[in-house]
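Trainee: Residue-level listing of the chains:
Number of protein chains: 2
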Amino acid sequence: MKRKFFVTVTALLAASVMLTAQNPTLETIFSRKSVRTYTDQPVSVDDLMMLVRAGMAAPTGMNRQPWEFFIVQDKALMASLSEKIPYARMLKEAQAAIVVIGNPEKSVYWYLDCSAAAQNILLAAESMGLGAVWTAGYPYEDRMETIAKAVGIPKPYLPLCLIPIGYPKGEQKPKDKWVESKVHLNTW
Amino acid sequence: MKRKFFVTVTALLAASVMLTAQNPTLETIFSRKSVRTYTDQPVSVDDLMMLVRAGMAAPTGMNRQPWEFFIVQDKALMASLSEKIPYARMLKEAQAAIVVIGNPEKSVYWYLDCSAAAQNILLAAESMGLGAVWTAGYPYEDRMETIAKAVGIPKPYLPLCLIPIGYPKGEQKPKDKWVESKVHLNTW
Numbered sequence: 001m002k003r004k005f006f007v008t009v010t011a012l013l014a015a016s017v018m019l020t021a022q023n024p025t026l027e028t029i030f031s032r033k034s035v036r037t038y039t040d041q042p043v044s045v046d047d048l049m050m051l052v053r054a055g056m057a058a059p060t061g062m063n064r065q066p067w068e069f070f071i072v073q074d075k076a077l078m079a080s081l082s083e084k085i086p087y088a089r090m091l092k093e094a095q096a097a098i099v100v101i102g103n104p105e106k107s108v109y110w111y112l113d114c115s116a117a118a119q120n121i122l123l124a125a126e127s128m129g130l131g132a133v134w135t136a137g138y139p140y141e142d143r144m145e146t147i148a149k150a151v152g153i154p155k156p157y158l159p160l161c162l163i164p165i166g167y168p169k170g171e172q173k174p175k176d177k178w179v180e181s182k183v184h185l186n187t188w
Numbered sequence: 189m190k191r192k193f194f195v196t197v198t199a200l201l202a203a204s205v206m207l208t209a210q211n212p213t214l215e216t217i218f219s220r221k222s223v224r225t226y227t228d229q230p231v232s233v234d235d236l237m238m239l240v241r242a243g244m245a246a247p248t249g250m251n252r253q254p255w256e257f258f259i260v261q262d263k264a265l266m267a268s269l270s271e272k273i274p275y276a277r278m279l280k281e282a283q284a285a286i287v288v289i290g291n292p293e294k295s296v297y298w299y300l301d302c303s304a305a306a307q308n309i310l311l312a313a314e315s316m317g318l319g320a321v322w323t324a325g326y327p328y329e330d331r332m333e334t335i336a337k338a339v340g341i342p343k344p345y346l347p348l349c350l351i352p353i354g355y356p357k358g359e360q361k362p363k364d365k366w367v368e369s370k371v372h373l374n375t376w
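Chain order of the listed sequences is A and B.
Per my numbering, the first sequence starts with residue 1, numbered consecutively.
Per my numbering, the second sequence starts with residue 189, numbered consecutively.
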């Protein structure tokens, strides 16, 4: 029984290694990591627009697309935000930031659609050699207010997250989050 | 002025076409669509496990990983769910389904982390030639209860969404959701 399990797991691992080797999207998904240190290399507006374009390709409930995207390039503004928002120190070093913003009047679950958009942006960044990290706005009232005020987001829009962008400094490895006991195949 | 704008837009478009041509991850992001009709071709357990593995590679707030994944292969169960859940008719045809499940005791914003995981699954499916679509559980109490009861999800876990999986039947095109006025470059 133990041996059979071992063989199955080995076969699955071998299959997964083969599949990712031939599938650059899976490779990006598995190599994406939260990057919090960046070099001085600027990030072009074309690249920032491409990241937003990737965000806007996410699915949305009822196709309501309840989102807006704010690109910040002002370094003084990013430095000031880095002091005010918890866990956002890395903003001071970033070359730019993208704020993923929802419109609660267009959809009551805008934050789910915007999360899918944010994940697209993180994956697009990884695939383009850029580093990025999800910094929470929603659901924290104070952080949302700080971001909205500093950046100039009008009502009723709400910032889901703020994503600093830059070229990664140093080598950062993705976390291995695979936990087999969290997969339930046909039965809990 | 108009000419300059036109040249800029054309240059951006050209850049985006070039970039996606060289970047298979962006290609997947832009070609992903909601697939609601499937062929009779079975989907292997290896492929289903790979989709879940992709889901588990998403980022989570404070690295809490407040998720579980349920793979459904029982066709009778999927047919029964297709009758009970709104907008889930396509489940009857699907070869399998993945339920993305959150643990609200591990994180109060489990649904954001689980949304990122769901998006990873949708992109992984697209990249593997599979079709999938996000079917809402959360935030609808009744749908969450229906899914949890039918599949056998214990408390306190909550289903974010149910993702039918199969090989796409017919040609389905991605929606073009690009709206330039939703991008705010340095100013709203």
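For the record, the hints were derived by calculation from the structure and aren't laboratory data.
Be aware that one or more of the hints could be misleading.
To be verified - Derived DSS-like pairs (lysine-lysine); straight-line CA-CA distance at most 25 Å:
#	chain 1	residue 1	chain 2	residue 2
1	A	92	A	169
2	B	365	A	106
3	A	169	A	84
4	B	280	B	361
5	A	92	A	33
6	A	182	A	84
7	A	182	B	370
8	B	263	A	106
9	B	370	A	75
10	A	169	A	75
11	A	182	B	263
12	B	361	A	155
13	A	155	B	294
14	A	33	A	149
15	A	182	B	294
16	A	175	B	370
Unchecked claim - Stretch-level coverage of chain B by chain A, calculated; a stretch enters the list once three of its residues show a Cβ under 8 Å from a Cβ in chain A:
#	region
17	220–233
18	259–268
19	276–284
20	306–317
21	356–366
Said to hold, decoys possible - Only some residues are given here: those of chain A computed to face chain B with a beta carbon under 7 Å:
#	residue
22	22
23	23
24	25
25	41
26	42
27	56
28	69
29	76
30	77
31	80
32	112
33	120
34	184
Glycine is no exception: its CB is placed at the ideal position from the N, C-alpha and C atoms.
Trainee: All hints, please: hold or fail.
Mentor: Hint check results:
no. : hint          : result
1   : A:92 - A:169  : 14 Å, holds
2   : B:365 - A:106 : 15 Å, holds
3   : A:169 - A:84  : 23 Å, holds
4   : B:280 - B:361 : 22 Å, holds
5   : A:92 - A:33   : 19 Å, holds
6   : A:182 - A:84  : 36 Å, violated
7   : A:182 - B:370 : 38 Å, violated
8   : B:263 - A:106 : 35 Å, violated
9   : B:370 - A:75  : 22 Å, holds
10  : A:169 - A:75  : 18 Å, holds
11  : A:182 - B:263 : 22 Å, holds
12  : B:361 - A:155 : 34 Å, violated
13  : A:155 - B:294 : 31 Å, violated
14  : A:33 - A:149  : 29 Å, violated
15  : A:182 - B:294 : 14 Å, holds
16  : A:175 - B:370 : 33 Å, violated
17  : 220–233       : holds (count 3)
18  : 259–268       : holds (count 4)
19  : 276–284       : violated (count 0)
20  : 306–317       : holds (count 9)
21  : 356–366       : holds (count 4)
22  : 22            : 10 Å, violated
23  : 23            : 5 Å, holds
24  : 25            : 4 Å, holds
25  : 41            : 17 Å, violated
26  : 42            : 14 Å, violated
27  : 56            : 5 Å, holds
28  : 69            : 5 Å, holds
29  : 76            : 12 Å, violated
30  : 77            : 9 Å, violated
31  : 80            : 15 Å, violated
32  : 112           : 5 Å, holds
33  : 120           : 5 Å, holds
34  : 184           : 4 Å, holds
The structure does not agree with the numbered hints 6, 7, 8, 12, 13, 14, 16, 19, 22, 25, 26, 29, 30, 31 stated previously, though it agrees with the rest.
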